[in-house]
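Peer 1: Residue numbers (our numbering), protein chains in the order written: chain A, 1 to 440; chain B, 1 to 440; chain C, 1 to 499; chain D, 1 to 499.
Accuracy of the hints is not assured; some may be wrong.
Residues from chain C that face chain B, not an exhaustive set, calculated with beta carbons under 10 Å [as the list claims (entries may be wrong)]:
id, residue
1, Lys2
2, Arg12
3, Ala14
4, Thr16
5, Arg38
6, Ala43
7, Arg78
8, Val79
9, Glu81
10, Arg82
11, Arg187
12, Pro481
13, Asn482
14, Val484
15, Glu486
Estimated spans, in silico, between C-beta atoms of each pair [said to hold, decoys possible]:
id, chain 1, residue 1, chain 2, residue 2, range
16, C, Gln178, A, Lys408, 36 to 46 Å
17, A, Lys320, C, Ala197, 30 to 40 Å
18, A, Glu390, D, Val297, 49 to 59 Å
19, C, Asp434, D, Ala488, 30 to 40 Å
20, C, His455, D, Gly490, 34 to 44 Å
21, C, Asp185, A, Lys320, 36 to 46 Å
To be clear, the hints were calculated from the coordinates, so they are not data collected in a lab.
Cβ atoms here follow ideal geometry from the backbone N, Cα and C, with glycine treated the same way.
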Amino acid sequence: MRYLSLTDSDQEAMLAAIGVSSIEELFADIPARVRFDRELDLEPALSEPELVAHLESLAARNVDTGRELSFLGAGIYDHYVPAIVDAILARGEFLTAYTPYQPEMSQGVLQAIFEYQTVICELTGMDVSNASGYDGTTVAADACYVAKHATGRKKVVLAETLNPQVRQVVKTYAPGFGLEVVEVPHRDGVTDPDDFRRAAEDAACAIFQQPNFFGCLEPAPELAAAASEAEALPVAHVDPVSLGVLEAPGRYGCAIAIGEGQSAGNYQSYGGPHYGFIAMRSDYIRRMPGRIVGETTDTAGERGYVLTLQTREQHIRREKATSNITTNQTLLALAGLAHLSWLGPQGLRELGETCMSLAAYAKERLGLPLLFPEQTTFKEFGIRVGRPAEEAIRAARDQGVHPGYALKRDYSGMEDALLVCVTEKRSPADIDRLAEVLAG
Amino acid sequence: MRYLSLTDSDQEAMLAAIGVSSIEELFADIPARVRFDRELDLEPALSEPELVAHLESLAARNVDTGRELSFLGAGIYDHYVPAIVDAILARGEFLTAYTPYQPEMSQGVLQAIFEYQTVICELTGMDVSNASGYDGTTVAADACYVAKHATGRKKVVLAETLNPQVRQVVKTYAPGFGLEVVEVPHRDGVTDPDDFRRAAEDAACAIFQQPNFFGCLEPAPELAAAASEAEALPVAHVDPVSLGVLEAPGRYGCAIAIGEGQSAGNYQSYGGPHYGFIAMRSDYIRRMPGRIVGETTDTAGERGYVLTLQTREQHIRREKATSNITTNQTLLALAGLAHLSWLGPQGLRELGETCMSLAAYAKERLGLPLLFPEQTTFKEFGIRVGRPAEEAIRAARDQGVHPGYALKRDYSGMEDALLVCVTEKRSPADIDRLAEVLAG
Amino acid sequence: MKLIFEKSQRGRRAGTLPTYDLPAAEVPERLRRREPPRLPELAEPEIVRHFTALADRTFGVDTGFYPLGSCTMKHNPRVNERVVALPGFRDLHPLQEEDGAQGALELMWRLQEILAEVCGLHAVSLQPAAGSQGELTGLMLMRAYFADRGEGEQRKTVITADTAHGTNPASVTMAGFQLQKAETDARGNLDLDDLRAKVNEETAGLMLTNPSTLGLFDEQIEEVADIFHGAGALLYYDGANLNAVCGISRPGDMGFDIVHINLHKTFSQPHGGGGPGGGPIVVRDILEPFIPAPAVVRDGDRFRLDYDRPKSIGKVRGFYGPFGVFVRSYAFIRAYGPALRRMSEVAVLNANYMLARLKDTYDLPFERLCMHEFVLSARNLKREFGVNALDVAKRLMDYGFHPPTIYFPLIVPEALMIEPTETEPKEILDAFCDAMERIAEEAADDPKILKEAPHRRPVRRLDEVKAAKRGIVKYGFDQHPNLVGEPAAGEAVEAQKGA
Amino acid sequence: MKLIFEKSQRGRRAGTLPTYDLPAAEVPERLRRREPPRLPELAEPEIVRHFTALADRTFGVDTGFYPLGSCTMKHNPRVNERVVALPGFRDLHPLQEEDGAQGALELMWRLQEILAEVCGLHAVSLQPAAGSQGELTGLMLMRAYFADRGEGEQRKTVITADTAHGTNPASVTMAGFQLQKAETDARGNLDLDDLRAKVNEETAGLMLTNPSTLGLFDEQIEEVADIFHGAGALLYYDGANLNAVCGISRPGDMGFDIVHINLHKTFSQPHGGGGPGGGPIVVRDILEPFIPAPAVVRDGDRFRLDYDRPKSIGKVRGFYGPFGVFVRSYAFIRAYGPALRRMSEVAVLNANYMLARLKDTYDLPFERLCMHEFVLSARNLKREFGVNALDVAKRLMDYGFHPPTIYFPLIVPEALMIEPTETEPKEILDAFCDAMERIAEEAADDPKILKEAPHRRPVRRLDEVKAAKRGIVKYGFDQHPNLVGEPAAGEAVEAQKGA
Ligand SMILES: Cc1ncc(COP(=O)(O)O)c(C=O)c1O
Ligand SMILES: Cc1ncc(COP(=O)(O)O)c(C=O)c1O
């Protein structure tokens with residue numbers, strides 16, 4: 001077998017050293033009745049060329065965003081992933097290392113995580129970030145767990161304009177946490193600060209999304225203030241690539257900032273793996289879930305990095321841990337660091353501006369009724385296509401264009417609504433094509 | 001500019017240190033009349049995403065062997081390139097290093113070349129290999145240059161069954177070398193040893209190809225003997241992937257073995273870059289063109305590797321050098337080393353056997369007259385399609401199959417002949433499809 | 001080495017974007033960013049060098065032997081990286097219509113089938129992002145199952161072994177259960193008497209790793225299963241050690257009802273410096289109604305996402321799970337086919353060979369053959385020479401090896417938990433054992449060399465206490481403190497490293 | 001470190017191939033391989049580790065500063081690696097019909113247009129595989145040109161500068177010309193009197209690098225061109241130093257008739273540990289009929305290969321040249337657009353800055369501003385402290401830098417030829433200059449530290465004389481000699497390293 005080095009003579013020598021005469025004997029401790037007595041019913045082994053051919057044939061049966069002009073977003077975005085990201089992630093040392101338990105072996109990945117934490121703090125205006133969470137949904141559950149312990153309260157509030165999947169995951173976790181979940185309906189595509197404040201009474205935290213799931217800009221400072229007023233922790237769920245143009249949640253009073261990292265440095269990859277980020281004010285650092293890297297020195301006085309504040313974590317605190325997370329999403333977070341380093345502050349701002357300009361152009365160019373005409377949007381916006389959304393999608397896809405996401409999958413009263421997304425990879429000509437297809 | 005680090009303040013400080021006030025002044029030595037006084041007439045700069053989109057659109061206008069079922073060979077082959085080859089070549093240290101002039105900085109690449117040289121010697125049965133030549137054509141010219149100096153003779157002999165491009169390149173080089181080129185016509189697809197001996201009288205070397213351009217197996221030992229008899233150096237041009245099943249040229253009396261390395265580890269890449277290999281008996285080592293790596297020790301007595309026997313080379317011997325080659329094809333040769341290490345002796349034999357079996361199956365399955373029905377072939381063979389080859393090609397390509405190479409481009413009397421190639425990547429089902437298309 | 005921020009210069013940049021000739025869009029004043037984030041500012045060449053240098057300061061499986069117990073640091077085949085990068089996988093939007101994602105859905109469906117066969121169970125959810133999330137998901141299933149049976153209030157406790165990984169108790173709490181601990185007996189099995197005393201009608205279930213974190217297969221697993229099933233409770237299999245038993249013994253056949261699989265361990269998703277992973281769960285039919293939605297199902301020759309799962313616990317992660325991980329693991333398994341059993345056999349052979357070589361030099365707490373990993377104790381060295389497991393670990397670095405997991409499992413003092421995996425050649429196992437023997441000699445002859453190790457890494461031993469005390473968890477730019485002058489903060493505590 | 005053969009074990013393998021259920025084909029007995037080649041036998045994990053370890057022992061531009069004069073070791077943008085791997089380029093067979101290769105042909109045609117514009121000349125052949133082959137091809141064009149004019153017998157000599165790279169004289173011989181050398185004057189220009197004395201009706205042409213290998217632009221280039229053209233001879237431009245003058249001065253405008261371009265230098269094909277490169281030639285219209293066939297031509301909106309070139313010298317390489325190199329260089333140039341001039345400006349600025357910093361510490365043979373590189377001499381250190389250019393080079397390694405080219409050009413004793421390229425930030429230039437200054441101090445204070453350098457590389461200084469004497473150029477398996485015991489072979493000679 002191509003991944004195994006064992007030769008017949010190795011095997012012989014090793015069995016002899018162990019003092020057994022067959023591999024079978026090594027399994028003597030397994031009770032006979034639980035031994036598996038047949039061959040695994042798996043398809044035959046594939047040689048490497050066949051394996052590639054097989055997976056190519058599977059891949060060919062997917063319509064990726066290189067094969068269709070796509071305006072899908074809704075949480076996962078077709079932003080350009082710079083070539084250096086691939087090059088960096090392909091380094092075998094990063095790829096095949098694990099959590100840097102032994103810091104002297106892993107200064108590189110530790111420093112990278114420290115840099116990632118800094119970048120996340122810079123983006124969000126927070127004091128401390130962990131080394132990554134699973135994705136943009138689970139970090140919301142994490143934030144609730146932090147808030148529960150920080151406030152002792154038993155309820156969490158979610159704006160209905162928060163990504164539906166994020167809300168679903170919070171709802172799945174909530175019973176175990178002993179938390180009740182309350183949702184705040186939107187008004188005309190955004191959340192009303194008064195509604196939010198009322199809901200946030202007695203709540204541990206109140207989470208909103210900026211830009212929200214409809215692409216609309218929430219009155220974020222007012223929402224944060226409303227939650228604070230109710231002494232619930234204000235939590236903002238943000239898109240990292242928006243943070244060159246939109247204010248950092250830390251600057252308008254949020255206690256915690258979370259988000260899906262995919263748009264910074266990760267491919268769409270049918271939804272994963274990506275990374276979630278979570279950053280907070282230093283007040284809550286001892287409740288932070290997951291890994292944190294800190295700076296220190298070695299015995300010779302040189303600077304170095306280690307996993308730190310581990311008494312929060314499962315391997316030390318066990319049932320009292322701030323989270324059960326172990327394996328996280330470091331490699332994807334590293335991609336995020338690489339992408340954001342590639343952009344720099346200037347590039348990040350330009351990226352946000354470009355997306356906004358394109359979206360503005362698209363709104364006008366499509367000439368269809370807007371779902372929420374009063375609102376300012378970022379890179380996504382809702383339109384009404386005047387017929388069932390799935391029909392519009394099918395018709396457009398027949399012409400090689402995916403026009404966007406059918407909002408009825410998550411919201412009632414939106415039978416004919418599409419959520420259209422543009423990124424810097426969609427040109428005005430692409431938008432013209434979408435207009436043509438949706439008109440036709 | 002994204003590849004430049006210079007900031008405005010850097011520039012200011014640097015100009016000041018130099019003692020000039022503008023970059024323009026740095027060009028004071030360039031006579032005014034030869035200064036370029038306008039902007040270069042080049043298309044505008046492309047951002048990275050645009051650059052990728054532009055090149056994707058160019059690439060999309062090529063029909064690669066993933067988009068068409070291809071039976072093209074004729075010197076460049078669609079063998080499977082293992083994934084480790086990509087991974088190894090992507091290592092930035094290999095990618096961005098240069099010729100290992102300073103061995104202490106480059107032990108890795110030096111050792112890799114030493115290993116490559118060993119692999120080439122093992123394959124060919126020779127004593128010494130260089131670090132690579134440009135490709136399978138130029139190494140033939142190199143061999144002629146070696147033979148000229150080794151024998152003092154002024155003629156070289158080429159079998160007509162030697163790849164036409166190889167012959168063309170030798171002919172281009174020959175006048176500069178002061179060599180006359182004589183070609184030996186084939187008889188029924190192979191070279192007759194008597195013809196070869198006669199032509200080789202007074203020749204510096206005589207070159208044949210095994211398997212030859214038609215895919216046929218030459219009577220290689222007899223050809224080598226014939227050349228030797230005439231005191232011309234016998235030179236075999238061989239396909240590395242055939243050398244698990246076919247005898248090594250060194251074992252049947254050749255003085256020099258050369259070949260195109262592409263089939264071992266390189267993509268087709270529209271014809272380049274690839275690597276040529278050249279290996280010879282130790283008698284000629286001082287005439288070897290190009291780099292050679294040798295083993296030595298350091299001042300602490302540890303083993304190490306260096307460029308060696310450099311007094312052959314242009315930078316020392318200048319006009320008396322064995323060649324002018326400097327930049328060679330190390331990275332591609334490294335790919336060859338990786339591929340051949342991946343195969344191992346067993347895999348190499350299986351590869352050859354698989355190609356031969358597939359070719360045998362194809363010959364039978366196609367049911368068309370063979371060009372040289374008497375000959376044993378390796379992975380290629382000629383067929384007669386009974387109509388102008390280009391018509392057959394067009395018809396097949398309209399059905400998504402490229403049936404092979406039109407031999408009339410190089411040989412007269414072959415209007416309806418196709419050279420069909422199979423590699424391990426073509427399955428019996430693929431061959432069935434070719435049969436269907438050629439029949440239809 | 002400098003931080004990337006310390007290499008930045010205002011005005012440098014690597015990234016460029018298309019500029020379209022469009023009017024600027026306005027961000028309302030009160031929402032607009034005031035101060036730009038201080039992201040790195042470097043041109044491309046220095047970014048590439050920076051990350052190259054960081055990689056050079058990182059040890060991976062590609063660099064050498066990485067016997068980090070419980071983590072299954074096997075070789076990651078490069079072909080898996082090739083196939084995961086196919087645009088049809090990499091650039092596929094998760095909300096693409098099902099008819100435009102048939103290849104992806106088929107791949108997930110096939111993986112589900114494989115995992116069910118390997119586990120001897122019935123239904124699979126690929127959604128969980130890692131082992132710990134698999135655990136939590138599994139416990140949520142227990143909740144849902146008992147709630148559905150009207151036993152929701154009653155089934156309050158979940159039992160974990162005293163050898164359990166920290167994620168198990170942490171997951172128990174997060175799932176809203178109460179924790180109870182079960183003891184290990186003198187042979188390294190669960191103590192049946194202890195279990196019998198603890199299991200009752202309040203018990204929701206057991207979480208167990210088998211082979212355990214001691215690397216030992218529980219010889220009484222059938223009795224264990226009977227005890228729990230007899231009390232109406234469920235058994236959860238922590239699949240971290242599945243690499244020991246593929247094709248040899250199946251969790252479902254052992255009596256487990258829920259299994260999580262760490263795809264990044266057994267099925268070779270590269271560990272990526274900490275992740276990503278994949279933690280699919282595989283369950284017995286009685287639990288299928290509760291698994292996360294959507295599930296991937298097959299209708300004839302079409303594959304689709306089934307959201308119609310009224311009893312489902314809901315979603316635990318975005319979309320359908322870490323798809324790229326599935327591609328790699330699927331490719332990994334297809335490279336073996338039914339010979340997957342061989343993978344486990346060799347993993348177990350390698351571990352036993354090392355155990356045989358090392359058991360006279362280090363203490364062996366349980367005198368048994370091991371499975372795919374084994375736990376030694378350095379307590380003999382500590383007692384005799386004052387050298388502890390941490391010192392041994394640090395000294396191994398000087399020999400070019402990544403240390404094993406240490407101080408885990410907790411029931412073994414000065415634990416060294418060694419997992420070679422199947423992909424290591426005998427020569428490397430021997431070299432490591434030689435080094436371990438040398439180190440034991442050094443402990444006697446020159447303990448200082450261990451205490452001060454490592455000597456040949458880019459940094460010397462790092463002060464973890466200082467890090468925790470100072471809490472410097474991001475770069476402070478012009479306010480960044482200089483720790484170099486500050487005094488050392490004292491001895492490191494003996495705490496788990498690895499697993 | 002062990003050789004890959006020393007890690008092999010019979011029976012191990014990494015590669016697997018499809019097995020089709022077909023009868024075995026017979027190789028005739030007398031052609032069949034008798035003994036298998038002793039290729040490496042390792043499973044995939046150890047192959048990956050082996051090459052990872054080799055990479056770790058290799059210094060590239062990605063690792064750090066690589067100011068190897070004349071080699072233009074600039075950053076290689078990663079996007080170029082991305083686009084060259086597109087299947088439409090990578091998996092395109094060179095004998096694909098033209099209608100199935102329009103994208104490739106268009107790319108080549110566009111690159112031809114760009115190179116012609118940059119050189120100020122008319123026609124391009126992309127075929128040559130590297131600079132030296134470009135030289136040879138250019139000289140063949142001279143032959144063909146003069147033969148066509150009936151001056152074939154008469155035009156026997158080609159003149160190269162005494163500063164010329166070794167490839168120039170070597171190419172002259174290979175092309176069948178006789179070599180004549182021209183001298184450099186006190187300002188580093190070609191000596192016009194010397195030239196006038198040598199150029200006559202037997203002269204076929206001049207080969208010149210401009211800026212020269214001294215990094216100096218020939219201030220009398222117009223006069224030089226007049227001398228040759230006046231005698232009916234041609235001028236060949238060795239484009240190794242084109243990085244100095246893109247958009248600033250064009251070889252065609254300087255009077256050159258034939259140019260080769262090293263795509264791996266100016267246009268950033270990664271050097272790959274020695275190659276591949278690309279050496280397209282660009283020629284004046286009078287030479288166009290002779291360039292290698294096929295040429296890529298445009299007919300309306302179609303592109304095709306033009307083989308109908310009756311006066312062509314023929315092919316110099318297989319197919320159309322190193323296509324993958326074209327993709328990278330084309331992408332590189334398109335990233336700049338007309339700002340390509342900026343590339344050269346910064347390259348020249350960087351070099352002059354370093355020159356300004358170093359010229360008081362090391363001898364400067366020609367007191368002028370330089371272009372993209374400059375040549376210093378360590379003769380002052382040799383004279384005063386017995387330390388030579390080689391020692392300086394080896395000591396630079398300890399500071400983490402690749403040494404510059406040394407002992408070239410030949411007319412400068414103890415030459416240090418430094419080419420920073422445009423992609424280096426000022427900080428790195430400064431760090432290198434600091435190290436050079438430190439080394440000059442060390443030469444005075446502690447010359448032994450230089451003589452015995454390097455101290456911080458995986459090996460100490462290597463014995464090149466022993467290597468040449470022993471001629472061990474492949475692994476000998478069980479007969480492999482053990483050089484470790486053998487005595488050192490003596491001092492290394494002062495020989496060019498680099499360029
Ligand atoms: C025994 C055991 N259980 C559970 C886990 C948690 O798995 P993961 O890291 O995938 O979350 C681990 C490993 O980290 C483990 O070793
Ligand atoms: C001045 C000069 N001319 C010619 C060459 C030869 O170019 P190549 O290495 O591409 O063959 C080089 C570099 O090696 C050089 O520096």
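Peer 1: Does the structure break any of the earlier hints, and which numbers would those be?
Peer 2: Numbers 1, 5, 11, 12, 13, 14, 15, 17, 21 - these are the hints that the structure violates, sorted from lowest upward.
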